[in-house]
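S.K.: Here is what each chain is made of, one letter per residue.
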Amino acid sequence: MTDKVMSADEAVAQVHDGDLVAVGGSLFSRTPMALIFALVRSGRSGLTLTRSLTCYEAELLMVSGGVDGLVTSWVGLGLQWGVSPVVRMLVEQGHAFHEEWSHLALGLRFKAGAMGVPFLPTATMMGSDLEARSKAARVTCPYTGQELLAVPALVPDVAFLHVHRADKFGNLQVEGYRHMDVDIARAAKRVVVTAEQIVDTSEIVRNASDTMLPHFTVDAVVHQPFGAYPGECYGLYEADMAHLDSYVQGLRDRGPQAGVEHYLRENVTTRATFDDFLQHVGRDRLAALQQQAMEMTT
Amino acid sequence: MTDKVMSADEAVAQVHDGDLVAVGGSLFSRTPMALIFALVRSGRSGLTLTRSLTCYEAELLMVSGGVDGLVTSWVGLGLQWGVSPVVRMLVEQGHAFHEEWSHLALGLRFKAGAMGVPFLPTATMMGSDLEARSKAARVTCPYTGQELLAVPALVPDVAFLHVHRADKFGNLQVEGYRHMDVDIARAAKRVVVTAEQIVDTSEIVRNASDTMLPHFTVDAVVHQPFGAYPGECYGLYEADMAHLDSYVQGLRDRGPQAGVEHYLRENVTTRATFDDFLQHVGRDRLAALQQQAMEMTT
Amino acid sequence: MSPASPEELRTITISRMLDDHRVVFAGVGAPLVASALARRLHAPHLSVVLEGGIIGVTFRDGSLPVSTNEMRAAFGAPMLTDITDVFLYAQAGFFDYGVLGAAQVDRFGNINSSIIGDHDHPTVRLPGSGGANDIASLCNKLLIVTSHESRRFVEKVDFITSPGWLSGGTTRCDAGLRQGGPAAVVTELAVFDFHPVSKEMRVCALQEGVTIDEVRSRTGFELTTVADVGQVAPPTSVELQTLRKLTGVDAHQ
Amino acid sequence: MSPASPEELRTITISRMLDDHRVVFAGVGAPLVASALARRLHAPHLSVVLEGGIIGVTFRDGSLPVSTNEMRAAFGAPMLTDITDVFLYAQAGFFDYGVLGAAQVDRFGNINSSIIGDHDHPTVRLPGSGGANDIASLCNKLLIVTSHESRRFVEKVDFITSPGWLSGGTTRCDAGLRQGGPAAVVTELAVFDFHPVSKEMRVCALQEGVTIDEVRSRTGFELTTVADVGQVAPPTSVELQTLRKLTGVDAHQ
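Residue numbers (this note's numbering), protein chains in the order written: chain A, 1 to 298; chain B, 1 to 298; chain C, 1 to 253; chain D, 1 to 253.
Please note that a few of the clues may not be correct.
Selected chain A positions facing chain D (in silico; Cβ < 10 Å) [as the list claims (entries may be wrong)]:
no., residue
1, Met1
2, Met115
3, Ala288
4, Gln292
If you're looking for bench data, these hints aren't it; they were derived computationally from the structure. Built from N, CA and C at the ideal position, the CB exists for glycine as well.
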């Protein structure tokens, strides 16, 4: 057990050009946005992003040039807003690849990695064009003769997570749903985490059954309150739908490329740290989102 | 969601002669003893018992004639007391079968059942005589060519669990370690649960992330405080080592068969209910075990 | 009270197919709203599961969740777990119903939500499966709800994201899918089932005031019918009022 | 202070092999006590894992756990999970050391804890593997601690419960075990390692006052040695005192 606390910029040094980067959370929930922003600023390139339900964070990374491929089960702007114009533009023009698996199949690919086996058998995705396009192989049960789909283990080079609580060694706890964070982290070679709170290990111990991942799975811990903003963090703050709505509006007004570039300039590349960005967002706005979350979960 | 609360005797009617019965908990921890006692009284026969680490509860069921086979990774009297004289006697004389898997292999057999697949691949147990005797098959990864052991799904006819809290529909929560309860219950055709407390669903909702199993996996819920006695229930009461020690002494004094028979007469077959047995044990004794647990977990 | 919109009509019709005490794995949108409505009316003990890891969704009037993982979907549920875990319950056969919408559906109940046009040079790259493929592959019974337009009701979808009966007959089972398969399709024009042997979609019952010719004219493939085509009972005012309370549309408009 | 008992000697010797900041998957008995001792002395950040689902065992003097799932093992740990889950961490390569005792061990480090005699007509039916097979199969490095008697140190175990190097050479890897393998055996007489190619057990270092002939006479197979056999440093008074505090044996006896 070693002290792994560092800054987001230091933590993002775990990512190298060409890496497969897995992003925890789901849609606008517990997305590690502070790490996404730091990754945009780092100028890494040739990355592949993998995440089961992905949206805005993928668009930022694709337009900024970091990511040129997706391994996902779903990508859109968010259910309110429909199809992702960035992904449409880049994929339809052949500038980015989009590898599609079903939600469970992708989840099991992470789980195979987490379990330390090269594949897992499943009854999903069979017979569909997802199967046909995935080039996933089949496997026959040696006991029953049943044919199943074999999904290959997916081992990210780096996983990004955002959690409610971590100690300095990297023992992690969250509230609410866990998304696919556990399997993603256990499958990945390196794991980088932002936490709303860094707590003493004694506080982790107090609710040891709630610990989602143990310290030896984690490589870097970053203290970052509101680290999932503009998404939600269960029980702590609601997603800022107005912020996201104005992002979407920007894409509609300026077109996908220019819209995202404008957003990045306003919010990411001209802000030295995520805290600077949060200050730009404004304290009252953040407080209102906390209030909404409290009302929604009590 | 239907009301599933009933008595232990009613719940044990879920077991039929010849069934494969899985027992939750591990060793002397959260073993569903009230259900084991009810099963002894029910007179069922030809049962196979499956549990990863098993001890005293297996001896009771084997001598009473209910169980004539074990699927397990370990069986003993408990680590203090060594080898199980009942199992030695019955297995060495050929009166009972003992199918041995490694702890992980058995755990994955339940997990395969829980996941709804006929097998799971694993790197454990390979090359050992456990593999040779188990007749487990191998499977080749269609991507890497790696050969792995394929463990076959184990689907119990009935699973017995003991938990801290249940609502009447069968939403279940425990404190502390979960043992293999989740996979056992999800794999089993029918699930019977004793709970220290039956609570309102609103109390389950309050800590929804702690819910171990949802109602639709559960068929019968029995309210039974001290339902794991003489074993422990995390945070609530310690195991009664003196009771178990005198059980072991009885086997040493009288021989395995007569020793267990004597124990059953004193504690099980002449007591109409588990509460009668607990009354015989005595309130002060139980209170002392609660006190020990409190001291040990705070 | 204004009459039911096409969307409301579909939602009410499909909600009636969800029996009490069962478990439904609902996609977002109309499937989720229909599940909420069923719980409010004839199926108070229906358990609604979302792929976000939420088991036992409760619903607040005027505040239905938009996605499958957000606080308003989670709060009040007796169990929160992870995403893959929820799908593994489906794979193990615990879920009685799956309910899905469809961008494109064909005569065998196959659904496309991935690609319009050619895969390598798509005309439109849609969001993709999410959990739709898994719901269609693994739930014991699949119900589909969609608006009725001939560009949606096609002979063969451009891409099978979520498997129905594939090419009909035994092809679904032959492909390795031993569970489930589509049982019904609900639109604002009619309710459809699938022929027990050929697995072709067929008209089962018509919505109020709709003729079979109208259905045929708005369907991109040849439609058969069951022996005696029924009538779907029109929405009751209780259904409509309850639905509008749920969705936050003024019940007295 | 009385001199170290054979058991204490073994425990102290093996505890020194556990480096700080590592993760050890310990069986009950001497392996667990040795892990506790290492944490008290040179390896305060050693993480001790038990198959009962306990990650990060802390230890109280005079109150060491007897089994792998009981409150005294769990209390103070930062993570409690389920049994299978712990082993899956091992399978994924997270555990630096596995430490096991042995009822019977052979020249290739294979361990028997299942059966003495013939499988179908056993002379003694022992408790069985528990997690021992998995620890031996999956941890990155296996350490074995056992008392030294020729009936325990045999040419070939009656039954391979937990795989060592199987028949030596590449046979472990050939059998499909790509990870781990025994690195050392510790007894009250000596420390052993395994030849890098043949994988035969060999004497590496002798406990204080022990001769190589004594080791050979109490070993049921032919023993080779490393080029220059070393001496195990005798237990220090700090080691012995700390150990006795942990086990609750009076430190001043």
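S.K.: Check the structure against each numbered hint from earlier and tell me which ones fail, lowest number first.
M.R.: 3, 4
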